[in-house]
Amino acid sequence: QVVLIVLLLIGPLFYFLPKAVLACINVTSLRQMFLQFQDLPELWRISKLDFMVWVVTWLSVVVLNVDLGLAIGVVFSMMTVICRTQRADCSVLGQASNTEIYRPVEKHSKCNEVPGVRILTYNGPIYYGNRSFFREKMSKLLGLTPEKIRRHEKARKAVEKREREATVSTVERGIANTLFSPETEIFKSEALENDVQAVLIDCSSVIFVDIAGARLFTQMCTDCQKIGIHVYLANCKENVLKILTSSGLMSSMN
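Counting in our numbering, the sequence shown runs without a single skipped number right up to 1446 at its last residue.
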């Protein structure tokens, strides 16, 4: 009888109890998520991109649903990674006085470049997505312009042609008449104009290179050789060096 009385009279009073208990469980589990809002100001100060990932994911989950919201968050996070690699930092390194420490010269005024040598660092991968940006930045730092390459190539071909003609020309007083040719003077002026004779590229932050990036890197090394700038690589990872070697980099540097 007691059970029957509870089911018939008291039972309806507990009709909403399961929903209330479930709501308490959900609120308790979401407590940690709501506490994360306190971290948003610090997240904005440290990394605005990470802040945007957090906000986009949260809004997607709240407005849509959990599955679709998390998927949108993952896709958006991957897009930010691609954007970061497409605009990687490229800078000139200088040596701190009386030390073996090298830092970017634009950020450290007490660091000076080594005379005749330009040390460059690129903090990112070299692949099809950022090869245009890589070429633009490296060409700007090296002064590698198409006009300069064409001018130097024209002078080099003229000197080679004159040297071939000199082998069959007459010799006066035992000395060939090619010592003070105008083309030779062009090379001298180019050498004086170029205060950089060698470029050292720090590859320690280049984590991978694809075939498109390797071909571009090889072409840029070839262009540097054309204007009399020797290229050297430092701290190159084994997998990166293997791809660069397969793309013909070593033959272009010799």
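To be clear, the hints were calculated from the coordinates, so they are not data collected in a lab. Please note that a few of the clues may not be correct.
[To be verified] DSS-like cross-link-like pairs, simulated, lysine-lysine; straight-line CA separation at most 30 Å:
1) K1429 <-> K1418
2) K1299 <-> K1346
3) K1211 <-> K1240
4) K1346 <-> K1429
5) K1211 <-> K1299
[Unchecked claim] Now the in silico label distances, taken between C-beta atoms and shown as ranges:
6) A1350 <-> V1309: 42 to 52 Å
7) V1258 <-> E1298: 43 to 53 Å
8) V1247 <-> Q1278: 40 to 50 Å
Built from N, CA and C at the ideal position, the CB exists for glycine as well.
Range agreement (Cβ of V1309 with Cβ of A1350, hint 42 to 52 Å): About 29 Å separates the Cβ atoms of A1350 and V1309, which means 42 to 52 Å is violated.
Distance restraint between K1299 and K1346, which requires alpha-carbon spacing of 30 Å or less: violated (38 Å)
CB-CB spacing for Q1278 and V1247 relative to the 40 to 50 Å hint: violated (22 Å)
Agreement of K1429 and K1418 with the hint, judged by alpha carbon distance not exceeding 30 Å: holds (26 Å)
Restraint check for K1211 with K1240, where alpha carbons must lie at most 30 Å apart: violated (39 Å)
30 Å limit on alpha-carbon distance, applied to hinted pair K1211 and K1299: Judged against 30 Å, a Cα distance of about 60 Å means the pair is violated.
Given hint K1429 paired with K1346 - CA-CA distance at most 30 Å: violated (37 Å)
Cβ distance range 43 to 53 Å for V1258 and E1298, holds or violated: holds (46 Å)
Violated hints, in rising order: 2, 3, 4, 5, 6 and 8; the structure is consistent with all others.
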